[in-house]
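With numbering that gives the first Met the number 0, letter number 57 in the sequence shown gets 56, and the count goes up by one each step, no holes.
It is possible that part of the hints are untrue.
Derived lysine to any residue pairs resembling SDA-like cross-links, with alpha carbons at most 20 Å apart [as the list claims (entries may be wrong)]:
#: 1; residue 1: K7; residue 2: M46
#: 2; residue 1: K54; residue 2: E19
#: 3; residue 1: K1; residue 2: K52
#: 4; residue 1: K47; residue 2: F20
#: 5; residue 1: K47; residue 2: W32
#: 6; residue 1: K9; residue 2: K54
#: 7; residue 1: K54; residue 2: Q33
#: 8; residue 1: K4; residue 2: F20
#: 9; residue 1: K4; residue 2: D53
#: 10; residue 1: K47; residue 2: E19
#: 11; residue 1: K7; residue 2: D40
#: 12; residue 1: K54; residue 2: E21
#: 13; residue 1: K9; residue 2: D53
#: 14; residue 1: K9; residue 2: Q33
#: 15; residue 1: K1; residue 2: I35
#: 16; residue 1: K1; residue 2: I45
#: 17; residue 1: K54; residue 2: M0
#: 18; residue 1: K54; residue 2: V6
#: 19; residue 1: K4; residue 2: E21
#: 20; residue 1: K7; residue 2: S26
#: 21; residue 1: K52; residue 2: D17
#: 22; residue 1: K47; residue 2: I35
#: 23; residue 1: K52; residue 2: I5
Quick caveat, the hints were computed from the structure, so don't treat them as lab data. Computed from a predicted structure; not experimentally measured.
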Amino acid sequence: MKEYKIVKQKSSLLKASDAEFETDLNSHAREGWQVINIVYDSNQMIMKAVLEKDKHR
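The whole structure should be built from the sequences, with the hints applied where relevant.
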């Protein structure tokens, strides 16, 4: 079974750096999460990543 998580960029694209978002994604990767999709939310002007990992029972 899989579990999913949505990670939002901490600040809008106008203020954010790619490095900050990359650091956040790498932190989740160390916990076993894998990015399966990244989308742009035009209302909030941020990127959102959909993460997936195996759920341990």
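Hints, one by one, checked against the model:
1. K7 / M46: With a Cα-Cα distance of about 6 Å, the restraint between K7 and M46 holds, given a limit of 20 Å.
2. K54 / E19: violated, 27 Å
3. K1 / K52: Judged against 20 Å, a Cα distance of about 6 Å means the pair holds.
4. K47 / F20: This hinted pair holds, its Cα atoms lying about 10 Å apart.
5. K47 / W32: holds, 14 Å
6. K9 / K54: Given pair K9, K54 is violated - Cα atoms ~26 Å apart, limit 20 Å.
7. K54 / Q33: holds, 13 Å
8. K4 / F20: holds, 15 Å
9. K4 / D53: Holds, at roughly 12 Å.
10. K47 / E19: holds, 13 Å
11. K7 / D40: Holds, because 9 Å separates the two Cα atoms, which is no more than 20 Å.
12. K54 / E21: violated, 24 Å
13. K9 / D53: violated, 25 Å
14. K9 / Q33: With Cα atoms ~19 Å apart, K9 and Q33 stay inside 20 Å; holds.
15. K1 / I35: Between K1 and I35 the Cα gap is close to 12 Å, so the pair holds against 20 Å.
16. K1 / I45: The hint is violated at about 25 Å.
17. K54 / M0: holds, 6 Å
18. K54 / V6: holds, 17 Å
19. K4 / E21: holds, 16 Å
20. K7 / S26: holds, 13 Å
21. K52 / D17: This hinted pair is violated, its Cα atoms lying about 23 Å apart.
22. K47 / I35: holds, 11 Å
23. K52 / I5: The hint holds at about 12 Å.
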